[in-house]
Amino acid sequence: MTGRVTPLALSILAVASWAVSLGVLLARPELFLVALPGVLVLATLARRAARPVCSIAHRISSDRLFEGDALTVIVTVSSPARVALLELLGPRPPGAARGAGRPRALMTLRAGDVVEWSYELRFPRRGVHDLGAIVVRIRDRLGLRTWEYRHVEPMAVRVYPRVVPLRSLPRPFHTQPSVGDYVSSALGEGIEPGDVRQFAPGDRIKQVNWRASLRLGQLYVTQRHRERNADVVLMLDTLAEVGAPPETTLDQGVRAAASLATAYLARKDRVGLITYGGVLSWVRPASGPVQYERLADGLLRADVVFTYVAKDLQRVPARVLSPQALVLAITPLLDRRFAKAVLDLAARGFDVVVLVVSPVAVTRAAIARSPIDDLAGRLWDLERRADLTELRRHGLPVLEWRPPEPLEAALVSVPRRRARLASAG
Amino acid sequence: MTRLLAAASAGALFLLLRLTTPAPPVIAVGLLALGLAAVAIATRWRWAATSAAVLFLIGYATALQIERRPVDVGAALGFGLALLLLLGAVDVSARALGASLRGRVVGATLGRFVGLGVGALAAAMLATALATVVATALTAAVAPLLAAAGALAFVWSLAALVKRAAGPS
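Protein sequences, first through last, are from chains A and B.
If you count the first sequence from 1, position 216 lands on 215 in numbering that gives the first Met the number 0, and the numbers rise without skipping.
If you count the second sequence from 1, position 27 lands on 26 in numbering that gives the first Met the number 0, and the numbers rise without skipping.
Some hints here could point you the wrong way.
What the hints assert, rightly or not - From the structure, some residues in chain B lie toward chain A, with a derived Cβ separation under 8 Å:
id, residue
1, A27
2, Y59
3, A147
Hints listed in this document are in silico derivations from the structure and should not be mistaken for laboratory results.
Quick caveat: nothing in here was measured; it's all calculated off a predicted structure.
A virtual CB, placed ideally from N, CA and C, is assigned to each residue, including glycine.
Please construct the entire structure, taking both the sequences and the accompanying hints into account.
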């Protein structure tokens, strides 16, 4: 705890000194009387004051939120002795917007008083925010001395990206051995009927196709297609971003990744994540609700880290980026290194779909409209179309998403030929 | 509420100046101080309040010099208290900016100043009586020198007191 003299004490000292000096210079005793209240106040500083004691506890209404949600910070203050003036500065992480109430409070406490104070914080952007520290400032009776310390209780809130329900998802070429929602070309246990063939020893009676058997005079069985899941790896470009938070291209990309992860996990697929930027990190593909937590944690920390070094995807273990996986690259295509990495993956035979978050739309939403900016935006858009055409020329399916348009609108434009290939795979 | 208190004390200071003398230079200084006090109240800027207080003080000293009336203990003490109230109220209003107030913050501030006023009045009575006794014992030649030395020592000891209190506790 740090004790110090307040600016008020210095102001009083200045005014009292002026009064005494003028009193001597002009030989007017009234000016000494003018200085007297100030001098009396300052004289209290001669007494060594004990540090005031008060106990503070705080809690938050929720430690997990989605972007745009609000939480309430509740602070409880109690004191065994009288506190003349207590100033509390509650936690307000950068990027958090104020809701109802104020994160600063000024209060007086009588002995034994218990005061509860609360305020709301709204989090428009994903992230892990620390809400553990409250700055406490206690002033003495006359406001001349102040004691300051930080009350710290480890407390964090995780703000997850907003998720939108998706129906049209790019279908993977390859399926995995586990049970899922995709009808595989391989025959076995399933509900989708496939070929009809002659009965063989080992076939079950329930597989017998009685209609074909009666018509042909021999036992025939209906084979069924297996229903399998797939591996999906979301590859997020964190090399660069444009736009104003919380609507930057990276924010939109993270929201898209979270929505895609939720949709694929709901289909029993195994979903993994690679964040490709200044720092290369990954989450191994797996399925289930726990995997969503892992992916969300990875997405929360996704941020642009500047680097001159192009990361090599060869460093990603094969169990994370398996050759059978569908790689969904989410990028604003602002950095050519990402496009190069994607082309490299496609050249190595990976099943790659590129989802481009249009930086033009995001930037134009962040700046005021003017004819020059509109013209610049159109030119930029034309340049980008040329870049996308170049990617498509390499055989990559490229989907362009222009926020605030719904993501679903971009996903429905997955080429039909791809869907046919997937069902045949 | 605290800003109202600060405005009231600035108004009282100007009124006291006007009651002491209606001389135009004093009124001009008073108006300047009032303007600075208004800036301090509006912007909650403590150092503007300190400057306004010093200007009021200079105006009061000039008024006393012009009028050369007998010592008015009540008016002088009232002026000192109003100066203190102006500084205190602007300080509390600067603290209260963007904060939610719980309990009697303004009431407690006002109460403290009322208590201080009573204490200052008692101290002033004592000091006046003491000064009368000392004044009779001093010769006219020594008095100004003693007053200057005393004021210097007094201001130095106040500054030392504040400096000591500013150290780690």
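Have a go at the Y59 (chain B) hint: is there a Cβ in chain A nearer than 8 Å to its own Cβ?
holds, 7 Å
Does the nearest C-beta of chain A fall within a distance shorter than 8 Å of the C-beta of A147 (chain B)?
Check passed: Cβ of A147 (chain B) comes within 5 Å of chain A, closer than 8 Å.
Is the interface hint satisfied for A27 (chain B)? The criterion is a beta-carbon contact with chain A at less than 8 Å.
A27 (chain B) check fails; min Cβ-Cβ to chain A is 18 Å, beyond 8 Å.
In summary, the one numbered hint that this structure violates is 1.
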